[in-house]
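Novice: First to last, the protein sequences are chains S and U.
Per our numbering, the first sequence starts with residue -18, numbered consecutively.
Per our numbering, the second sequence starts with residue 59, numbered consecutively.
Where hints are given, some of them may not hold.
Claimed, not checked - Computed list of lysine-lysine pairs in DSS-like fashion (alpha-carbon distance at most 27 Å, straight line):
id, chain 1, residue 1, chain 2, residue 2
1, U, Lys326, S, Lys238
2, S, Lys32, S, Lys167
3, S, Lys189, S, Lys6
4, U, Lys336, U, Lys323
5, S, Lys32, U, Lys336
6, S, Lys266, U, Lys128
Stated by the list, open to error - Label pairs and their calculated CB-CB ranges:
id, chain 1, residue 1, chain 2, residue 2, range
7, S, Gly93, U, Glu324, 52 to 62 Å
8, U, Gly196, S, Gly35, 20 to 30 Å
9, S, Lys266, U, Pro101, 36 to 46 Å
10, S, Gly35, U, Glu253, 52 to 62 Å
11, S, Asn264, U, Pro178, 49 to 59 Å
12, U, Glu324, S, Glu299, 34 to 44 Å
13, S, Ala165, U, Thr185, 30 to 40 Å
14, U, Leu322, S, Glu20, 31 to 41 Å
15, S, Glu20, U, Pro112, 30 to 40 Å
16, U, Pro112, S, Leu211, 50 to 60 Å
17, S, Gly35, U, Gly81, 29 to 39 Å
18, S, Gly35, U, Met270, 45 to 55 Å
19, S, Lys266, U, Thr317, 34 to 44 Å
In case anyone wonders, no lab produced these hints; they're calculated from the structure.
Please read all numbers here as calculations on a predicted model, not as lab measurements.
Glycine is no exception: its CB is placed at the ideal position from the N, C-alpha and C atoms.
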Amino acid sequence: MSDKKILVTNNIGAVTNAIDLMMEKDPSVVLWGEDSGFEGGVFRATEGLQKKYGVDRVFDAPISEAAILGVGVGAAINGLKPIVEMQFQGFSYPAFQQLISHASRYRNRSRGRFTVPLVLRMPMAGGVRALEHHSEAVEALFAHIPGLKVVMPSNPYDTKGLLIAAINDPDPVVFLEPKSIYRAFKQEIPAEIYEVPIGKANILKEGKDLTIVTYGKQVHDTLAAAKELLNEGIDVEIIDLRTIKPIDDATIIESFKKTGRLLVVHEAVKSFSVSAEIIARVNEKAFDYIKAPLTRLTGWDIIVPLARGEKYHMIDTEKIVAKVKELMAYEY
Amino acid sequence: MALQKHDWFVPAFRSNATMIYLGVPIEQQLLYWNGNERGSKIPEGLNVLPINIPIGTQCSHAAGLAYASKLRGDKSVSVSFIGNGGTAEGEFYEALNMSSIWNWPTVFCVNNNQWSISTPEHLESATDTIAAKAAAVGMPGVIVDGNDLLASYAVIKEAVEYARENGPVLVEFYTWRQGAHTTSDNPRIYRTEEEEKKQEEWEPMHRIEKYMLDRKFITKEEIQQIWDSSLEEAKAAYEKSLTQLDVELDEVFDYTYATLPEELKEQKEQAKAYYANKGVK
Chain S
-18 MSDKKILVTN NIGAVTNAID LMMEKDPSVV LWGEDSGFEG GVFRATEGLQ KKYGVDRVFD
42 APISEAAILG VGVGAAINGL KPIVEMQFQG FSYPAFQQLI SHASRYRNRS RGRFTVPLVL
102 RMPMAGGVRA LEHHSEAVEA LFAHIPGLKV VMPSNPYDTK GLLIAAINDP DPVVFLEPKS
162 IYRAFKQEIP AEIYEVPIGK ANILKEGKDL TIVTYGKQVH DTLAAAKELL NEGIDVEIID
222 LRTIKPIDDA TIIESFKKTG RLLVVHEAVK SFSVSAEIIA RVNEKAFDYI KAPLTRLTGW
282 DIIVPLARGE KYHMIDTEKI VAKVKELMAY EY
Chain U
59 MALQKHDWFV PAFRSNATMI YLGVPIEQQL LYWNGNERGS KIPEGLNVLP INIPIGTQCS
119 HAAGLAYASK LRGDKSVSVS FIGNGGTAEG EFYEALNMSS IWNWPTVFCV NNNQWSISTP
179 EHLESATDTI AAKAAAVGMP GVIVDGNDLL ASYAVIKEAV EYARENGPVL VEFYTWRQGA
239 HTTSDNPRIY RTEEEEKKQE EWEPMHRIEK YMLDRKFITK EEIQQIWDSS LEEAKAAYEK
299 SLTQLDVELD EVFDYTYATL PEELKEQKEQ AKAYYANKGV K
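Build the full structure now, drawing on both the sequences and the hints.
Specialist: As structure tokens, this is what we get:
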């Protein structure tokens, strides 16, 4: 029996716990965002931290997304490790100038003299029947930018480990939190500090027939689909990408060489997406192993519909099962 | 002159003279303007950021530097510069507002040279002065004749010490852009030679020279010596910068991250193989 302490928590609790442990350990870790201080954020991700660490280290920012990030850039250059929050991904666009023009570039611009060890957290993606701008999944926009890292965990263990890794990372990390699974389930995770390495995908289920690469909320839809498919004799391998950039080519390619069939699943819109990138890489590196069209199941290229129409856009188990069967039936 | 060694300076792209004064070597700045990022590798020990190009975006960096200083209690002040056009950016307001809410020791300087490339002052801002904008964020705003070296020094010195003890200040240096915006700009399209001639009288170097000559602080010969030796220094720095122009292939990859991810290592190897065939290192 291990005497290691265990914490039973959901994804949001894992966020709070990771930040709490790191603030306790390292006085240079600081955080701010809209409503993030006194209230602990609209999702309560930072609840209790201002009380514990003081208003100097945990504070409410004005509704100024550009300054929230820009102040983070300056503070990071001057020795702090800021964790800044965008209230929703759909409101992060005013901060893009700071992210793309500065945070991602300072190391290169100054040839290593000034660096920006900053974490940009944000709730994102759909499935909670929200208002306009509250349901987008635009991870591809961030992943397109050299100098940034982009992660998206799907469970409490990875949420905590990846967030700690992001705080310790010497470069800016965009930390994406799919809000529909914030409180969807709990998991036993280690109570102490640990890291899940950025840049490493996780094989959640081994299988021989087809490789599904996915991340975030769709990991859970895919796991459910895999059970159904197994009943019909189709054995899929599931890769939880966890880090979108830098992408873990090696794990994907190795799996694909075994199965020869690929399906990438994400709710983000189709064109110019993460799935496009993965398919291009498999094509470049494992062309000889292709048994069926390299395929993706994604949101449509539409504006995410409001609550009543969101169902048309979202990925679910049924869609995944159907797409896998289609691919398994493919013959040259 | 108003800054202490541990204070931070956040330049605009017209802050070259200040950067020289603060210790960034001239040859390094020339290297930057000649297209080599090494020019922005500020020497260790100097709290000076490299030049930021997107207008008005460095104000929040100064605020963040000041926040970190205040949290550590190291009594450092951050001083940033932008031009008058930069105050039309929303980010200018955001940075000043946030700094003012939390009383971070920041001096936001605006070099109001009355032009934003070809756009005159009144088409960038409808307030009587830029300094007046300080009222919108609840901080003191000061305007000074930026062509008067002694007045400018007195104001910035007071502003820095005010910020160190109390919180942010906005300082507007009212001046005139003597030359073109860049070498590709043609001021004849939007202002007359007459206007420029009139402004030349108020050029700050002329004024400080006249002031010192009138009071016999300096002789004409000594002034000439300063100009001559400065020119020599600039020429030597220019020559030196020309010997450092080359960028190696490694450099354009290696500073993207602290440690290159596998994918980028692969791309770097591909680039190296490609350029090796062309005889490039």
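Novice: Starting from the hint list further up, note which numbers the structure goes against and sort them upward.
Specialist: Checked against the structure, the hints that fail are numbers 3, 5, 6, 7, 13, 19, while the rest are satisfied.
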